[in-house]
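*Asks:* Given the sequences, and given the hints that come with them, work out the whole structure.
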Amino acid sequence: MSEVASSYSLAELMVVAASRVFDNEGEVLATGIGLLPRLAASLAMSTTNPDLMMTDSQSFLLSKPNPVSGVKSHAGQANETWLGFRAVFDNVWSGKRHAMVGPSQIDRFGQANISALGGTYQQPKVQLLGVRGFPGNSISHGNSFFVPKHSTRVFVEGECDVVGSIGYNPNRLPKGYCLDDIDVRTVITDLCVMDFSGPNHQMRIVSLHPDVTEQEVRDNTGFELAVVDNLGVTPGPTVEQLAIIAELDPLNARAKQLKDNPPGERRG
Amino acid sequence: MNKLQTAAEAIASIRSGMTIGVGGWGPRRKPMALVRELMRSDATDLTVVAYGGADVGMLCASGKVKKVIFAFVSLDFMPLEPGFRVARQSGAIEVLEIDEGMMLQGLRAASWRIPFIPTNVGLGTDVVARNPELKVIDSPYDDKEWVAMPALKLDVALVHATRCDERGVCEIASPDVYMDDLFARAAQHTIVSCDEIVPTDHFADPAVARSVFWERCHTQSVVHIPGGAHPSSSDPLYGFDVKHFKAYGEAVGAGEFDAYVDAHVRGKTEQDYQAAVGGLDAIQALPLPAY
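Residue numbers (our numbering), protein chains in the order written: chain Z, 1 to 268; chain Y, 1 to 291.
Where hints are given, some of them may not hold.
[What the hints assert, rightly or not] No farther apart than 30 Å at their CA atoms in a straight line, the calculated lysine-lysine pairs in the DSS-like style are these:
(1) Lys72/Z / Lys243/Y
(2) Lys125/Z / Lys243/Y
(3) Lys243/Y / Lys268/Y
(4) Lys259/Z / Lys243/Y
(5) Lys243/Y / Lys3/Y
(6) Lys144/Y / Lys3/Y
(7) Lys96/Z / Lys259/Z
(8) Lys125/Z / Lys66/Y
(9) Lys256/Z / Lys246/Y
(10) Lys256/Z / Lys72/Z
(11) Lys259/Z / Lys72/Z
(12) Lys246/Y / Lys66/Y
(13) Lys175/Z / Lys3/Y
(14) Lys153/Y / Lys135/Y
(15) Lys125/Z / Lys144/Y
(16) Lys67/Y / Lys153/Y
(17) Lys149/Z / Lys259/Z
(18) Lys3/Y / Lys96/Z
(19) Lys144/Y / Lys66/Y
(20) Lys72/Z / Lys125/Z
(21) Lys67/Y / Lys125/Z
(22) Lys256/Z / Lys125/Z
(23) Lys268/Y / Lys246/Y
(24) Lys246/Y / Lys96/Z
(25) Lys175/Z / Lys268/Y
(26) Lys268/Y / Lys3/Y
(27) Lys135/Y / Lys66/Y
(28) Lys259/Z / Lys125/Z
(29) Lys246/Y / Lys259/Z
(30) Lys67/Y / Lys135/Y
(31) Lys125/Z / Lys246/Y
(32) Lys243/Y / Lys256/Z
(33) Lys149/Z / Lys256/Z
(34) Lys149/Z / Lys125/Z
(35) Lys243/Y / Lys67/Y
(36) Lys149/Z / Lys246/Y
(37) Lys72/Z / Lys246/Y
(38) Lys135/Y / Lys175/Z
These aren't lab readings, by the way, just hints derived from the structure by calculation.
*Replies:* This is the structure in C-alpha cells:
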C-alpha cells in the first residue's frame with residue numbers, strides 16, 4: 001500500500017470511497033452512471049478488482065476501461081465482447097452486475113427516484129428521466145448510490161415521490177420476498193459513506209469524510225440514521241490511486257463535478 | 001416485391017388512435033424524417049411506444065399523442081427531453097411508465113403472439129403500484145408473485161436502418177440494433193427509413209447478412225431518405241446534432257415550438273428541412289459521439 005496523499009479533492013476522495021464497493025464483487029459488470037461513479041468503477045477495475053467488466057457506455061465490453069475524459073472516438077478501444085442494450089438486460093437479469101447510480105431522491109427504505117418530482121403521477125411538477133432501468137436493476141443485482149450533494153432534498157423525509165427501485169420497505173415487499181432478498185449496498189455522498197446494515201436495514205453512517213461531523217450528516221438527512229460502532233474517517237486516496245485516477249481522467253473532468261471543486265480536507 | 005415508397009405514401013397508413021412504436025434509443029438512430037412526416041399528417045390520439053428521444057418529444061409537442069409508453073425520454077447529453085417534459089408537466093398525456101427491460105419483454109410478447117411475459121421487474125415499485133393495467137399474478141411453479149408484462153402490440157413500427165434493398169432486407173450497421181427488430185416483429189406494419197438503398201447482392205457477404213436482425217416479411221415499407229435520422233445519429237454514417245437538439249430545446253423552453261415547426265416541418269419537404277439544417281453534406285459530416 002502506498003501512502004495517503006497529502007492533498008486531494010473531495011471528488012477524488014468520493015471516487016476512492018466509491019471504488020471500494022467493487023473491491024470484493026468478483027467477475028461482475030460494474031456500471032457507474034455519471035462521471036465520478038464511472039471513474040470509481042474504472043479505478044476498481046484498474047487496481048483492486050481486475051476481474052470486473054465494464055462497457056464503453058455504448059455497445060462493447062472492454063478489457064481495459066476507456067478514460068472518462070479526452071476520448072474523441074471509440075476506434076481502437078479494447079473491445080472484448082459485444083454488449084448492446086438487450087444483452088445488458090440479459091446481464092442485469094442474471095444478477096452479475098453492480099450498478100452505482102445517482103438518484104434525485106432516496107428514502108429511508110433505500111428506494112430511489114429519477115422519474116419525476118412533486119405534483120401527481122398524472123401531472124408531475126417536474127418531469128425527470130422516467131424510471132429507466134431502476135426497477136429491474138434493484139430487484140436483480142447489487143446497487144449503490146452516489147450523491148454529490150447530501151441534503152434533505154435528496155434524502156427525503158417521506159417516501160420518494162415516485163418509487164423507481166425496490167428497497168427495504170415492508171409495506172411494498174412482494175409476496176414471497178423477505179427484506180434480505182433486497183440488495184441496496186453503499187451510499188457515497190459529499191459528507192460520508194453509509195450502508196443499510198443498521199437495525200432492520202436502517203440506513204447507517206459507516207464513515208465521515210475528513211472534517212465532517214455526525215450532526216452535519218443528520219442535519220442534512222430527512223430521516224433517522226443508525227451509526228456504526230467506532231465511527232471513523234473515510235480513508236483518503238493514496239498517491240498511487242491519485243496517479244491512476246489522473247490517467248483515467250487526463251483532462252481533469254472530475255474537478256468540474258462538484259460545485260467549486262472543494263478539497264478533501266475541508267478545514268485543512 | 002418492391003416495397004419502396006415515399007415518406008408521405010408510407011405515413012398515410014397511420015390513422016388516428018393507432019399505437020405506433022419507434023425504434024432507436026434516445027438521440028440515436030431515430031427515424032426522424034418519418035416522424036416529421038407524421039407531424040405533417042392528420043393523425044392524432046396516437047399511443048407511442050419508444051426508448052424515447054426527440055421523436056416522442058416532438059410528437060407530444062405537436063399534439064399528436066394521447067398516451068406514451070416509456071421507460072425514459074431523454075437525449076442523454078440533454079437528460080430532460082424538452083417536449084416530453086412540457087407535455088407531462090401540463091398533464092396533457094396519459095402514460096404507462098415501465099422499466100426499460102419490461103419494454104423489451106412487452107415487444108417480445110407481442111412478436112411471439114403471447115399475451116404476457118412473467119417477470120420480477122417492477123415488483124415493489126410504483127411501476128406496478130401506479131399502473132393498474134399491469135397485473136401481478138401467482139406462479140404455478142413457486143410461491144412468489146410475478147408481474148405479467150403485457151404484450152405491446154403495435155399497429156405500426158417506424159425504424160431507421162443504415163441500408164435496405166427494395167424488398168425490405170434491412171442492414172443495421174451501427175454497433176447496436178437496440179430493440180428495432182422487436183419493434184418490427186411486434187408491429188402489424190413496419191415502415192423503415194434508410195440512408196442507402198442497395199442491391200440484394202449487398203447482403204451476400206456473411207458479415208453483412210449478420211447485420212440483418214429481422215427477416216423481410218416484417219418490413220412492409222422502405223423509404224429512402226439519406227440523412228433521414230437527423231437530428232439523431234445513424235452510426236457509422238453520422239453522429240447526432242447537438243446544436244440542433246439544443247436549438248429545439250430552447251424553442252420549446254421559450255414556448256416557441258410552433259416557430260420550430262414552421263421553420264422545419266410545416267409545409268416543408270425533407271429537402272427544405274435538410275437545406276435549413278445546413279444540407280446533407282453537413283449532416284453526414286456530424287461527428288459520432290464518444291464518451
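*Asks:* All hints, please: hold or fail.
*Replies:* Do the hints match the structure? See the list:
no.: 1; hint: Lys72/Z / Lys243/Y; result: holds (18 Å)
no.: 2; hint: Lys125/Z / Lys243/Y; result: holds (27 Å)
no.: 3; hint: Lys243/Y / Lys268/Y; result: holds (21 Å)
no.: 4; hint: Lys259/Z / Lys243/Y; result: holds (26 Å)
no.: 5; hint: Lys243/Y / Lys3/Y; result: violated (34 Å)
no.: 6; hint: Lys144/Y / Lys3/Y; result: violated (48 Å)
no.: 7; hint: Lys96/Z / Lys259/Z; result: violated (34 Å)
no.: 8; hint: Lys125/Z / Lys66/Y; result: holds (19 Å)
no.: 9; hint: Lys256/Z / Lys246/Y; result: holds (21 Å)
no.: 10; hint: Lys256/Z / Lys72/Z; result: holds (19 Å)
no.: 11; hint: Lys259/Z / Lys72/Z; result: holds (26 Å)
no.: 12; hint: Lys246/Y / Lys66/Y; result: holds (26 Å)
no.: 13; hint: Lys175/Z / Lys3/Y; result: violated (50 Å)
no.: 14; hint: Lys153/Y / Lys135/Y; result: holds (17 Å)
no.: 15; hint: Lys125/Z / Lys144/Y; result: violated (36 Å)
no.: 16; hint: Lys67/Y / Lys153/Y; result: holds (14 Å)
no.: 17; hint: Lys149/Z / Lys259/Z; result: holds (9 Å)
no.: 18; hint: Lys3/Y / Lys96/Z; result: violated (43 Å)
no.: 19; hint: Lys144/Y / Lys66/Y; result: violated (35 Å)
no.: 20; hint: Lys72/Z / Lys125/Z; result: violated (37 Å)
no.: 21; hint: Lys67/Y / Lys125/Z; result: holds (18 Å)
no.: 22; hint: Lys256/Z / Lys125/Z; result: holds (29 Å)
no.: 23; hint: Lys268/Y / Lys246/Y; result: holds (21 Å)
no.: 24; hint: Lys246/Y / Lys96/Z; result: violated (37 Å)
no.: 25; hint: Lys175/Z / Lys268/Y; result: violated (55 Å)
no.: 26; hint: Lys268/Y / Lys3/Y; result: holds (24 Å)
no.: 27; hint: Lys135/Y / Lys66/Y; result: holds (22 Å)
no.: 28; hint: Lys259/Z / Lys125/Z; result: holds (25 Å)
no.: 29; hint: Lys246/Y / Lys259/Z; result: holds (24 Å)
no.: 30; hint: Lys67/Y / Lys135/Y; result: holds (19 Å)
no.: 31; hint: Lys125/Z / Lys246/Y; result: holds (22 Å)
no.: 32; hint: Lys243/Y / Lys256/Z; result: holds (22 Å)
no.: 33; hint: Lys149/Z / Lys256/Z; result: holds (14 Å)
no.: 34; hint: Lys149/Z / Lys125/Z; result: holds (22 Å)
no.: 35; hint: Lys243/Y / Lys67/Y; result: holds (29 Å)
no.: 36; hint: Lys149/Z / Lys246/Y; result: holds (27 Å)
no.: 37; hint: Lys72/Z / Lys246/Y; result: holds (21 Å)
no.: 38; hint: Lys135/Y / Lys175/Z; result: holds (14 Å)
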